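Line by line, the protein sequences give chains A and B. Note that our numbering has the first sequence beginning at 1, numbered continuously upward. Note that our numbering has the second sequence beginning at 1, numbered continuously upward.
Any given hint might turn out to be false.
As the list claims (entries may be wrong) - From the structure, some residues in chain B lie toward chain A, with a derived Cβ separation under 7 Å: (1) Ala73; (2) His74; (3) Thr77; (4) His78; (5) Arg83; (6) Arg89; (7) Phe91; (8) His92; (9) Ser93; (10) Pro103; (11) Tyr106.
What the hints assert, rightly or not - Example chain A residues on the side facing chain B (calculated, C-beta under 8 Å, incomplete): (12) Trp23; (13) Val26; (14) Gly186; (15) Ala188; (16) Thr189; (17) Glu198; (18) Ala199; (19) Cys200; (20) Pro203; (21) Leu304.
Read the hints as simulated data drawn from the structure, not as lab findings. Note that this is a predicted model, so its numbers are computed, not measured. Built from N, CA and C at the ideal position, the CB exists for glycine as well.
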Amino acid sequence: MSTIKFSIITAAVGLAVLVFAHWFGVDYVYFAGYTILQFIVLSTAWNILGGYCGYVNFGTAAFFALGAYSSVFWYNFFPLPIPVLIVLGAVGSGIVGFGMGYLTLRLRGAFFSIATLALAVVLQTLVVNWDFVGGSRGAYILHPENLEIGSVSVHYIEYLFTLMLVLTVVALVTARIIERSQLGYGFATIRDDELAAEACGVPTLRLKLIATTLSGAFMGMAGAPFPYYIGYLQPQSAFALDYAVNSIAMPMIGGTQSWIGPLIGAIVLGSAQQYATVTISSAVNLLIVGLMLVGFVIIAPNGLYGLVEEQWRRRRRKS
Amino acid sequence: MTALLHVDNISKRFGGFVALDGINLEVQPGERLGLIGPNGSGKSTLVNCICGTLQNETGNVLFDGRTMDGLAAHQRTHQGLARSFQLPRPFHSMSLADNLRVPLLYTVHARPGQLRTPADVEARCGELLTMVGLASKAKQRPRDLTQVEMRKLELARAMAAEPKLLIADESMAGLSHSEIEDILSLLMELNGRGITIILIEHIMSAVMKFSQRLAVLVSGKKVADGKPEDVVRDPEVVRAYLGQ
Chain A
1 MSTIKFSIIT AAVGLAVLVF AHWFGVDYVY FAGYTILQFI VLSTAWNILG
51 GYCGYVNFGT AAFFALGAYS SVFWYNFFPL PIPVLIVLGA VGSGIVGFGM
101 GYLTLRLRGA FFSIATLALA VVLQTLVVNW DFVGGSRGAY ILHPENLEIG
151 SVSVHYIEYL FTLMLVLTVV ALVTARIIER SQLGYGFATI RDDELAAEAC
201 GVPTLRLKLI ATTLSGAFMG MAGAPFPYYI GYLQPQSAFA LDYAVNSIAM
251 PMIGGTQSWI GPLIGAIVLG SAQQYATVTI SSAVNLLIVG LMLVGFVIIA
301 PNGLYGLVEE QWRRRRRKS
Chain B
1 MTALLHVDNI SKRFGGFVAL DGINLEVQPG ERLGLIGPNG SGKSTLVNCI
51 CGTLQNETGN VLFDGRTMDG LAAHQRTHQG LARSFQLPRP FHSMSLADNL
101 RVPLLYTVHA RPGQLRTPAD VEARCGELLT MVGLASKAKQ RPRDLTQVEM
151 RKLELARAMA AEPKLLIADE SMAGLSHSEI EDILSLLMEL NGRGITIILI
201 EHIMSAVMKF SQRLAVLVSG KKVADGKPED VVRDPEVVRA YLGQ
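If we strip away everything but chain B, and leave its shape as in the complex, we get (with noise of 0.2 Å):
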């Protein structure tokens, strides 16, 4: 099986800090991949090459067997590959139903065949929003939400663009266990649709739920790659997490 993301030996740097050095990673269509790192391992920087946010260094990105170096972040959406944002960055001044029109006027209607009418626009929005639970609040703006809705919120959007792999930075920080629940269970219905998943997190719990590979970053560096309950045992990781 060919892979569906390929990550190619990528290296990015910030003046004299190497955020990146050397990273190798794949994802095969339909998996669901938890990244983990301490803070500042470059999980996120990572996150921003693949999807076009910043262009890495040397090293290149495959998605869907195209090669995506140079590409904008917008074609990079346009070609499937989603993201959520770490902090929730929803358009302010936009009702949740306009900030989900967005991806679908500006990438769903874009690939020929789809969406072509107002109306097919209008009844997509009502479905992701109902697939969140936040139907009811379609005129509602984004500040009228609490945090566990705008996470829910940004994964809707990021959903919108109808990708093949979602990339979901952080969507569960700060939340109570309840809510963490909540948007795990809304991940694995995602990936039963057949939406290959990227998890970054902090909370293990949640990882090793959800995580069919474990992945872990240090400084820049891949430390581990495998099945979850071989990676957290890994002397390497255990020392990047808990000093020697």
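Looking at chain A on its own, in the form it has when it is part of the complex (with noise of 0.2 Å):
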């Protein structure tokens, strides 16, 4: 499938999303949906570093949260229009994600992770200590209960909605344009074998950079217009444990090498959390994700596409 008729495809899709839950007219499907979909933006992007290049980044949150302290940082400055604040997030976490690329990508394996946590910590210290952006206290974060666009009115969970709809198109259709890309098969390359692989011209530490940079932006743009979501923004709720746990835990079940994997974890992960949620309790969250995780990595350790692929190369190499 060429990647035009891909974009149709997702975006058409996104559009039926949209009507249904447009249909659907309860507000409380806009709050669950937004936050679906924000994992799956976060795990996509996780997976750009984790899964195709295959260097695990403990870091989510830090990207996350700068995303969306950037929109504080501006909203206290400049009010500025929501798809420019993601842009902004973007951008700020994307030349983080790059610089912490270039400083911690000569470390290997375990290490570059625990560097990556480290960055988390560091950034919420700084924001702790930052009184500007709210400090410790956090920041509010008023939004009118309607968007005006000319005559139209729309509910602004509705176009907070909306906006990460089209941020988890986008971040979809990147992912898929760079698996099939030249740059795929480089990423690739360096989860396999880095020796090999820069044996073969393959500039491995640039395409690490790529990568970290591209991750980075994602996961600033799915923080961008989280303040706004949430209406109080407070370091511990930005910097929650639930955005690395979880950005790692969906691309495993749902299977690290494809971009599928990632959207198929997030929807059934993030779905049984909203579950739990509304049934059992919000603590139940994370014994969730253990359990799903312990059970993946037993049943199916190349996740749920990792294992339907399996079955479909065995059938055909059967027949």
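With the hints as a guide, bring both chains together as one complex.
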């Protein structure tokens, strides 16, 4: 399938989701849907570095919070439309992603992961001590109940949901383009064997920097509208462990070697969490993540997508 | 004739251990050079210094008239230096065809006017796989291969970058007699196409058959360099291999 065809289909599915949510007509659908979409973007972003290149990033929360706090910063400074904030968040997180990559990519395996975790701690400390963005008290973001575009009035949460839907489509299309391009081959060689990759002429350091920048930028984009969604942003919620854990667990459950893995994982795990939040308690979330992760590591180490692909390959070999 | 590869007084140490101690080596275009030495004599370290995996501390490497010092491994590959690894290091998650596609895309495609369309790349992949006799397994993964097939894939991948100089690091270790013949004839064929080859090997029958010239490393020093028949009779080489 060509990229254009894929983009059209993805956009059409996105539009269908939007129409369905509108037809459903309950605000809760937007609230719950927003969270799931946000995790699709986050886990897709994580997968660009973690799945394609094999570098496990524990610092998702740092990039997400950076996007969120960049919005708070601009809100205090000069209120801008959210799409602009998303771009600014992407630029900020992308730059930090590049910097982190430059400083840490000579580390391999667990050492790289520890460095990313440290980044989250450093940034959180910085934000807690920065009064302009609310410090440890947190910051309130006020938004109108409805967004007026000309004569049309849209419920604000519907607007946020739509933005996140667009971001999701962009993230998925980008991930798929990468996967099928020369860049994708390069990323896969880094995951498999960096020494052999260099011997084949792959500029591994440059590719890893592209991956950390792109991955960071998408995480920042996912974070930028967050203060508007939650209304009150504080460091503990922006830097929450959930983001790091979920954005690793979702691609693992869905499958890390394809764009579709994070999508499946985020829908499965995200929906289960939303369901548990409503029916049992929000504290069960991390328990669900843990149990599902353990289950999938045993049953399907390559995720749901890997499981299906393996079956398909076997069947084709038999016939 | 100017040398294709000129290694000038290279030294490399790991902590207090001197792995290479002032190595000089010249390789002429189109030559087949055998490089031998006991285990731990520094053969692989020399290859790593020539190819940029390791950086030598003193001396320099000139390849094709250009200095290679400070260049990363991938830049040297772009200049026409290719190597195969002692233990095959295929890209496990990719099919054999994709394994070859990587150097084609990243090295050959990067040179102006070459492999412009995906169909060109596809065709070249096919040619390379046919050359090493793996065409029927193009869609399989490296884990489905036998040891000798893995070595062939390793050589095909090095060849895919269209090098001027190929360094084959122990590509026959652990193979049976007929398999060694297989690899040897493959290397001879490549040399026939004008590619200069450095063969690092422990299997003396193969080295003697293949090499036009033989260089011997012992404890990080080059102790002999010359015609194979003369070199194997050199008292210092005999001492290194058999003891006194």
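To see whether the hints hold, each was checked on the structure:
1. Ala73: 4 Å, holds
2. His74: With a closest approach of 5 Å, the B/His74 hint holds.
3. Thr77: Given a least distance of 4 Å, the restraint on B/Thr77 holds.
4. His78: 6 Å, holds
5. Arg83: 6 Å, holds
6. Arg89: With a minimum Cβ separation of about 4 Å from chain A (threshold 7 Å), the hint on B/Arg89 holds.
7. Phe91: Since chain A brings a Cβ to about 4 Å from B/Phe91, closer than 7 Å, the hint holds.
8. His92: 5 Å, holds
9. Ser93: Interface hint status for B/Ser93: holds (6 Å vs cutoff 7 Å).
10. Pro103: 4 Å, holds
11. Tyr106: For B/Tyr106, the interface hint holds, since the closest Cβ of chain A sits about 4 Å away, which is under 7 Å.
12. Trp23: 42 Å, violated
13. Val26: At about 43 Å, which exceeds the 8 Å cut-off, the nearest Cβ of chain B leaves the hint on A/Val26 violated.
14. Gly186: 7 Å, holds
15. Ala188: Status holds, d = 6 Å.
16. Thr189: 5 Å, holds
17. Glu198: Because about 4 Å separates A/Glu198 from the closest Cβ in chain B, which is inside the 8 Å limit, the hint holds.
18. Ala199: Check passed: Cβ of A/Ala199 comes within 6 Å of chain B, closer than 8 Å.
19. Cys200: 4 Å, holds
20. Pro203: Status holds, d = 5 Å.
21. Leu304: This interface hint is violated because 17 Å lies over the 8 Å limit.
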